[in-house]
Structures are given as C-alpha cells and as structure tokens.
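First to last, the sequence lines map onto chains A and B.
Going by this note's numbering, the residue at position 521 of the first sequence is 523; the numbering climbs one at a time, nothing skipped.
Going by this note's numbering, the residue at position 203 of the second sequence is 788; the numbering climbs one at a time, nothing skipped.
Just so you know, the hints here were simulated from the structure itself, not pulled from any lab data.
Some hints could be false.
[Stated by the list, open to error] What the simulated footprint calls covered on chain A by chain B, stretch by stretch (three residues with Cβ under 8 Å from a Cβ of chain B suffice, anywhere in the stretch; the number is not a length):
hint	stretch
1	155–167
2	206–219
3	262–273
4	368–380
5	660–669
[Said to hold, decoys possible] So the derived label-pair ranges between C-beta atoms look like this:
hint	chain 1	residue 1	chain 2	residue 2	range
6	A	754	B	742	24 to 32 Å
7	B	597	A	698	30 to 38 Å
8	A	735	B	619	49 to 57 Å
Keep in mind the model is a prediction, meaning the values are calculated, not measured.
For each residue, glycine too, the CB sits at the ideal point set by N, CA and C.
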Amino acid sequence: GTVLHAACRPILECVISCVGAVDDRPAISLRCHGRLLMLLLRLNSPLTRADQHYHETGSSGETVSPSCIAYLDNGVTFVGSCLGDSQLCKLSSAADESGGYVEILETFTCLAPILDMSVVDVDQQGRDVVVTCSGFGRNGSLRLVRSGVGINEQASIDLAGVKGVWSLRCGTEMAESDNTLVLAFVGQTTVLSLKGEEVEETELEGIAADQQTHYCSNVIGNKILQITGQSVRLINEETLQLVSKWAPPSGKGISTGSCGGSHVVVVVGNELFCLDIQDSSLHQLSHVTLEHEIACVDVRVLKGDSGTSNICAVGLWTNISARVLRLPSLDILHTQPLGGDILPRSILVAEFDTRTYLLVALGDGTLHYFQMDPDSGALTNGKKVVLGTKPIVLRQFVSGDAHHVFACSNHPTIIHWNNHKLLFSNVNLKEVNYICTLNSDSFRDCLALVDDNTLTIGSLDQLQMLHIHPVPLAESPRRISHQRHSHTFLVASCRVDVPNGDKTALISPKPCASKSVSNMLEGTHPDDLSILPVTTTEELEVFSLLLFDENSLEVIHGYQLSPREHVTSLTSCVLDSTHYYAVGTAFVDPTEKEPNRGRVLLFRVSHTKVLELVYMNDEAGAVYQVVQFQDKLLISVNSEVRLYKWEEGKMVLECSYSDTILALYLKCKGDFILVGDLMRSFKLLVYKAEKSVLEEISVETSLNPVFMTAMEMIDDENYLGADGRHIFVCQKNSEAAVEADLMYMLQPSRMYIGDNINVFRHGSLVMEHPGASPSPIQGKPIIYGSVHGAVGLVVQLDMSTFSVLAKLQESMAAVIKSVGNIEHEVYPLYNEFM
Amino acid sequence: MLQLLTARECGLGPPWFLPRSYGSQRFSELELSKEKELGRFHSAAVNSLDLDCDGRYLISGGGDVPGSIAIHDTARPAGEKGLYVCGVTVSTYGTQNHTDTSHAVSVVQWFPHDTGIFTTTSGDRYLKIWDTNDLLVVEKFKFKNPIYTHVMSTGTSHTLTAVGGGECKITLCDLVSGASSHVLEGHSKPVMALAWSTACEHVLASGSQDNSVVLWDIRKANGPLTKLDQHNGSRASSDPSVTVAHGGSVNGLCFSPDGLHLVSFGTDDRLRLWDAVTGKNTLVNYGRVFNTLPKQNCPLAFSPLSSTLHPIICIPVGGEVLMFHLTTGKKVKSLSGHFGKVHSLAVHPVEQELYSGGTDANILCWMPPPPRKPSLDRARRSNATGAVYEDAWSSDEDNDDDGRH
C-alpha cells in the first residue's frame, strides 16, 4: 500500500563509496572521499526529503576508505576497510576541540591490499623482516612485519661502557617500587635515581662507587647487598649506611657472586664462599676450593625452599662443566660436562611452572639447558640451542605472573614456558648486553636494557606475536625493492592529483610522502612520444620513486616520473659490478587498450644517498617485469620476453621470446626462466648462451585458462603459482616415457586459498634455531601476500610429517563439525569455475 | 589492461572481473585462426558440430550421402607445417554396415558429461545412440516423421533426450531405459528447435512452425509452463490461444550459459531475447537478421560463461557468422570465411574459440588474434602519424610481421 518516491538531491560533489543504516532511526551514514556524512530522513513531509547535516571530520580524525559501515550503538560505528586499517569511531553531534565530529576509538591493523613486498634480513642476523606495500590511496603505507617480542621503548639515555645493571628500592620513603638503578662500569659503579620520569645520577652513601659491582639487590631484612670486585657489602635500605662488609681472606679480588634468600655465594678465583645474612652482619658459612676457576655462579630461591636457597650452580673454566652444589654446605651434587672448548659465561637456575631448569650459556652464543631435580641436583634431558654469535648473559625477569629468562646477546631472546615446553622468542632489538627488571612509579613492569651505547627503558609486548610497524605514506605504494649495497629500499608509489577549485592546476589534496621530498627529481617524456596531454580538469595519477633508508625507513630522496608514466616493475640489480635499481614503466593513454610505449630506467644510488638516473631504454609496451638474469637484464614487454646485455653502459638486445598473451611475471634460476602468462599459466624457457637464444622447454597446458596472479620457483623443477583463488604446484616433467610429454608440466598439487595472492617471496618470518629439533621443513619457505592482507607461508614438508598432519586433519575433520556444514574435504578442492 | 591489472592487485573489484572482461574482449575479437586448421573430411555440408565438455574433441556430422561423422582432436598439434591438422576420422556412417544410413546426418551431439557416448539423428528418421570407443550404435529410436532436432539434457538427475520433428509433439527418449518415456503435446505444427535450460534441468524450451515458443517442465504432465508472447500481453486483441513469439516459424533456440536468458530466432528474420525466469520479451532490437536456414534447425551459440561480462550471441547468416551483443543488440562482428552457407556452430565451453561448418564442407576455427609483437618502430610511427591513420595501414603491417617471424 505504501508508495515509495525516490527523493533525490545532490549532497556533495563526491563519489559515495559506502552506505550504512543507523539503527532504527531514519538515518543513514554515508562515506565519500574520506568524509563521513550523516543523513537524517524526515518522513513528515509528503515527499520523503533527505535533510542532510553532515559531519566533516577534522584534520585530526579522518576515517579510512571504508568497504562497509556498521552502526553499532550510542554513536559508535565500525568502519571496515579493505584498503587500510578498520576503525571503530564514535560520532558525536558536537564538534570537539579540533572541529571534528568523529573520534576514533580503536584501530584494527589490516595489511590489505598487499601489492608487493620485500623480505629482507636488515640486520643480517638470519631474521627476516617483511616490508609490504599496503593500503590504497591515502591509507597507503609501508608495513614492517616481523615476528618475535617487541619492546615499547619509553625512555633512553646515552651511556657507553655499562657492564651490568640492577634495580633497587631504597631511601627513606620506602617505596614499594624500584627507584634506583645501579650501573657497573669498569672499575666503578654509578647510581641513577628515578624520580617520576626524571633520571638523575646520585650517590648513595653505602654503595661503593669506586669499585665495579658484580651483583646488587635488595635482600632480606631490608638490606641492600652489593658484591664488588673487592668486597661484599650489606647496606641498610633506609639509612643507606654500610652495615656489614666481608672481604675474601686471601685478599684476592672477587670475580662474581650471587644471592638467594639469606645465602650469598661469592666466587674468588677457584674458591667458592657461602655467606649468610643474619640481621645486620655477614657470616661465612662454608668454603670450598674447586679444581678449576669458576666462570659464573647462580643461586636462586625455588618454590620448595623455605625462603632461602639450597642450590647453587656454577660453571667452570678449563674442563668446561657445570656443577650443582648444595647450600650452605657447598657439597657437589652433580657435575655436568658441557663439551667443546668454549667456556660458560652465564648460568641460571630457572623455575618454569612446575619444572626447574638449569641454563648454561657459552661464550659463542650457545645455550645448554637441562632439567634439574631441585632436591638431588641431578641434571637430565640436556639440549642445546644457538641463540647468537656473541657471549650470552642470562637474566631472569617477571612479566605478568610468569617467570621468563632474557638471554642478552647480539641476538636477544626471551625464553619462556608454554604448553610444557621451553620456547625461544626473538626480541626485536639489535643487541642487548644486560637487562634488569624495573618496576618504578612511572615505568611499570619495564625492563632496563643496556647495549654498547645506550640504556633503554621499555616494556614488553605480548610474547609470540607478529609485530607490524606502519610507515604511513598517504599515497598508494605499488612496488618495493631492497638494495643491500646501498642500504636502501626503493618504493614506487602513486598519488592522485586533482584539479583545484577553478580547474587551472592539478594539486595534491592531502600531504603525502612524495610531496614531502624536498629535492625531488622530475622525469620527462621521450621526445617522439605523443600521448594524451595532461589537462587541468581531470584527475591524474602521478607516480614517484621514493628512496628509503633501510633502518629508519625515512624518505631520503625521490624521483617523480613524467605524467602518464606508470611504474609497473622494480628490481635491484648488479650490472658490470655496479648496483642499480631497474624500473620498468608504461605510458598509459586512457584511450588505448594496451600501452604501446614504456621504458626501462636504471638508477644508481650515489654515496650521498641520492638517486641518479643513469640510463633509459625505450620499449614498445608496458614493461611488466624487470629481473636480473645472470649479468644481464631480463624484461617482459607486453607479450614479449626480452634479454638485454649490458655493454659499455648501454642495454643491447640479445634475444627475445614472444609466444605469450601477456608475460606478466618472470622468475629466473640458473639458465631457466619461468614466465607467468596472463591466462596461460607457466612456460619454462631456457637460455642457451652459445646460441644466445631463449628456448621454450616446458609448458603447462591446462584445459581451462589460468589467470595467474603471482608465481615463484620453488626449485629447478617445481613452480608455485596462484590464480586468484587457488595455489598450485607445477612440475617439470623430466621423467616422461614419451618424448613429447617432456614438454608438458605436471600439476601434482593444487589447493583452494580463497584469496588473490599478489606476491610470493622466498623467506620466513620465523628464525630457525639450528639444533633445536630436526626441522620437518624442506627447502626455503615461501611467504605470500594477498589482496585481503593475508601474509602466509608455503612450506615443503617431509613425507612423514605430511602424513602425520594429513592424518591429524582427517581425524579432526571427523570429530569437529565444520562451519556451515561444509565438508572439510570439499572446501579446499580446486574449482576451476570462476 | 594495465588498469584492470592494477584493480585486481588492489582488490578494487571482484576477482572474476579481469578474466571475464578480458574473455569478453577476446571473444569479440574472434577471427579466422592462423594456427588451427581442421582437416577436411566431409564431402558435403557440415550439418552439425559439437564440442565435448572439456572442449577438446569436436564431432561433426556431414550431409554426405551416405552420412558421415568425424571426430577431431582440436588440441593435438599435427602436420609438418606446424599447423593443427586436427584429428583423425574415426568412422564414417556408411561403413558401419547399416542398410538404412543412406541419409545425411542432421544433428550430432556428445553426451554432455563425457565422450563415451554421442547421439545422432539423420534423414532416416532414427535417433541413434553411439558408443564412441566401438563406434557402434548401441540404441536407436524410430520415428514416423522427419526429425528436425534433438537435444540431450545436461542435467544429472535424468538422461532424457528431447526430439522434435514433423509430429507436432516433442518426444522424450530415456537413454537409461531405452524407451521414449513421454511426449509433450501442445504445438500445432512440427517442432524445429529445442533447448534445455542451463539453470533448471527439468525445463525445456521448444520452438515450432506454429510461430510459438513454449517452456515446459517435464515433470508437469498436463501441459506447458508458459507460451512466450512477443508483445508481452500488451496487444489488446491478442488471444492467449494464439500467443506467438515470432511472426514466422521458430527454428533457433538457445539458453544463455547462466540460464537467465533465452534467445529465439524465427523465419520472420527476428532474433528475440527472453527473460528465462519471467518469460517476458526483453524487446532488445537486433535489427533484421536474415534467416537463411528456414527449412531446418538454425544453430545459435553463446559466448562461454568465462566471457560473459558482455555476452555475445553468434548466429549463422548465409556464409557468415554474425555476432551480436546480447543485451544491447549491437552487431559486434561478422565472421566471413566460408564459401557456402554456414550450417553449424560450436563454441568452446571455456576458451574463446568458435567452430563453424558450412555447405562448402569446411570446418573453420575462429580464435582471438595472437598478441601483436611489440615493435618500437610501429609504436613510434603510430605516434608520429597519429592514431587516425592507424587502421589504414596496421593490417598490412601485421601481415608483414607475421611473415617475418
């Protein structure tokens, strides 16, 4: 019975990208060009009139380009995006101080769409970092993805030469939290007091500042214990007066020491002393002389002990062994030879949940760990991992309720207990020499970390997570490449310039990365090229190359391509032992179906980190791919694969191959070239140097067209491809009985992914711990990045692991009811119907 | 293309957009294939063509007397000149020791799900079921009147073949039982065109010399579902009993691959597009399309589903195959290459490939042109001379290029 009239009124000159209803009130929220509008519909007039009042977001609070808007309640709206981070916003009816109506409550990290990525081991420690080109338009950014534990840095002080760090509670106003840091230097000790966020150097009366501290902590009876190179000092926490002092009777220097409960263990050469803290004095309880010098010692109060420790662990020089001794008698309970000739540098008794472990770290970055029986001191189940290449210092710390161990080295690692297993997580710091826990008023649950030059105070991120660090560009990054030689990344990005108000010029509406480069170079057209002229009335995509520093990820330099020139490919290459960035471009004329002009540009990064255009080569089409092939440059121009020699500073065409529809992807290995076609999957070419030709040796012939989106060579014979929904492996048929069949690739496996994979790269986010356990993974894993922002890993498993996992999957599928009752066997099936 | 690739990379459109739009573009560019050539087998008109479900084996029925059938392998490269001289003739109708086969083959069709079986009808008024491997007739159905057409159901729940001929009714033959299960009565004149719906496997469309197109549900015994009306019931004078789809007999019918549309072709020289769900005439104007095969079934072919961003309907007209844009009615291209009338068409189920057979006994393969080898000289020249002149010389240039490489 209701007659609906279409009410039409222009709202703003913009494209509406998304519409969502606002609960049961007659209102709609709209999104156009980064602005969120609210429309109120008034139903009282005869014609339904849309009465608008829009909220324009202030410069501070823009929302992302949405793919969907869902109004939740109380003005809270979820703005979901496939082109950037999704956001939870609160819409208010009154503008805030900055003039915006939208307050962003929460942001949900999303890498979509990943257009390209670079897998780089920036600090060359065997730990890959993925740098993705993510987001689109003004949500564009580079994202650094790495696994491990992140440290949120809260403060840092430049301090060189620190040899140890400990935190203390002291002073008259007996705070519950730490307020002092003790730093050891060679031959001296410095005390820093923390007052709020201020850190200043002070002197504490009782602390010996002219001696190097080996150990310092608060101990029972409101005392502070300091073990220095000369003596063991007991200091009153409140008055800071020296209460008692113990020096080794032989007069030799103390090399190290440790304390647990009331027991203090001091190492003097090959002698071990056990002292007892009683009220205000130190008593020597026992003394033992071992046959070798003692390198490290640890005493720890375990759960079963009544407030004081009964176990002491030491590591010895010369015979390279670990010993467990009973306290206070210093009877030897267990001797564990460690093998090798690298001496132990740090030893730690650690209690994880119900189990006790003894960890011994050697000078070469190897860690031995044993399960220890806390009563008998017996060590069992010894295992070994390599954590770094420099000496490790082990420190225990508490995060949350759990005890963890921090292994300080050039490859800092946190050892934690999960699911009845010891796990090793990388810490995303380059180098850590010493740490201590710090729980002060302004730095809650923090760690003080010391490396060669700085003291950093930071808190720990969650363990075992991928960490994503965004580098916003405010324009679309399209291609990325890394050059180790110049320590740079080159990123091809695209911004859209729009006509200004009176359509007399093109301007970039928002600040973006390519506009912020001060000394930007600008490219020009080739002289003989006449393409559609740039008008000031139409939007124009402007491509630029941005040079980033690999560590700071700051833009150092840039090159803006000529108008209508699009970057289609990018790589770093070495020609004639000079490092270049090769950039493939296409001139896009919107009136033409296929670009018929393009260029290869060669750039060199100078010593001052500036891009220099070295060479240009005209091509008769879009340069879809540029790769280095041996000492040559291989490019694909529309349907042709062309191989160029680099001779006397010029690109000289050597040979070409042109039996493809569009050669979109190229990968090389040895003499083999894998070509990924727009719709005909793979072709394998071989380069015959003696005849200087490219010869087709194997093709993949499926009955149906396969529209490739990405590919990678797993090894010489196996190739991985993606077609928008599936991934599949093709295999060179080298064992065919009939000679004609040698030409045709086999397709041993394929699987439904349901995502459009844009890029494959060799690499892995997980660092391998050699010797941790024999890895079931064969070969180097392949990381992929997809349109929906997924980062995935494709690995080859050995047969036994595969069959175990396949069986497990089968068994799980039999028990677990699947979502939507889709059978588990059916879901990953290949479905060629697009 | 670059824009399409960028959109795909950024996820700005649905993932099928690039394949389908590129497929559509390729289908609209079909031309006589330079790389595939089919061996000439028949000595008279090629009356019927069909590609199997994988699009590899092409079966052709000839109008020779005695009739002949050939199966061509379209994927096997053979011949010394690097051409696809496709396939071997595996059988002729005449050599199979049948006394009553001295009639031209009118329709030949593969079993829709594999190549184990094919069916033929010919002037001898038999529907024959063949075993492909033995090349023997395993079952046959005798009819009193000439058979114009037969179609096998593509559905999986039944294996009925609908046969239309001079009897004013449609006979459904069941391959499983070997009997004609039932007949559909409703036409007043012989049935010249039949098509099973691609969306609902129980729906059959039939076109007849009584100018009507009727939709049937074969599970419904008491009459047709609907009769299509070319005026959509708007003519006040139109009487439901004389509702017609065309102003002449209907001899071509085809469902679109997605099952949403039905195209009919009549001797009134009109092509009509029907909404297959509502049965309404969509009134798309294709202009006047001469019906050059008024006395027999006229084959129609749709571009495959992989190319349906802009669906195209192909129709033989005289010695040419005309391609029309389905929804706008615009003529896309006409494919001329036959020396006589085109009698048969077959479209590859996935690829952009069209086969046509004609009275000149040739089977021609139509494919998109191979990609142009990029040439900087040409690019420079086209820029220097301006795009206006490009068409004038580009074809010569192409040929030159092909000759050289």
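Please check whether the stretch 155–167 of chain A has three or more residues whose CB lies within less than 8 Å of a CB on chain B. violated (count 0)
Does the beta carbon distance between residue 754 (chain A) and residue 742 (chain B) stay inside 24 to 32 Å, or does it fall outside? Since the Cβ atoms of residue 754 (chain A) and residue 742 (chain B) sit about 27 Å apart, the hinted range of 24 to 32 Å holds.
30 to 38 Å as the expected CB spacing between residue 698 (chain A) and residue 597 (chain B), which holds or is violated: holds (34 Å)
State whether the coverage of the stretch 206–219 of chain A by chain B holds or is violated, taking the criterion as 3 or more residues with Cβ-Cβ distances under 8 Å. Violated: only 0 residues of the stretch 206–219 of chain A have a Cβ under 8 Å from chain B.
Is the listed coverage of the stretch 660–669 of chain A by chain B valid when you require three or more residues with a beta carbon under 8 Å from a beta carbon of that chain? Since 5 is at least three, the answer is holds.
If you check the beta carbons of residue 735 (chain A) and residue 619 (chain B), does the distance land in 49 to 57 Å? This hint is violated: roughly 28 Å between Cβ atoms.
Between the stretch 368–380 of chain A and chain B, are there enough contacts, at least three residues with CB-CB distance under 8 Å, for the coverage claim to hold? Since 0 is below three, the answer is violated.
Quick check: do three or more residues in the stretch 262–273 of chain A have a beta carbon closer than 8 Å to a beta carbon of chain B? violated (count 0)
In this structure, the hints that do not hold are numbers 1, 2, 3, 4 and 8, in rising order.
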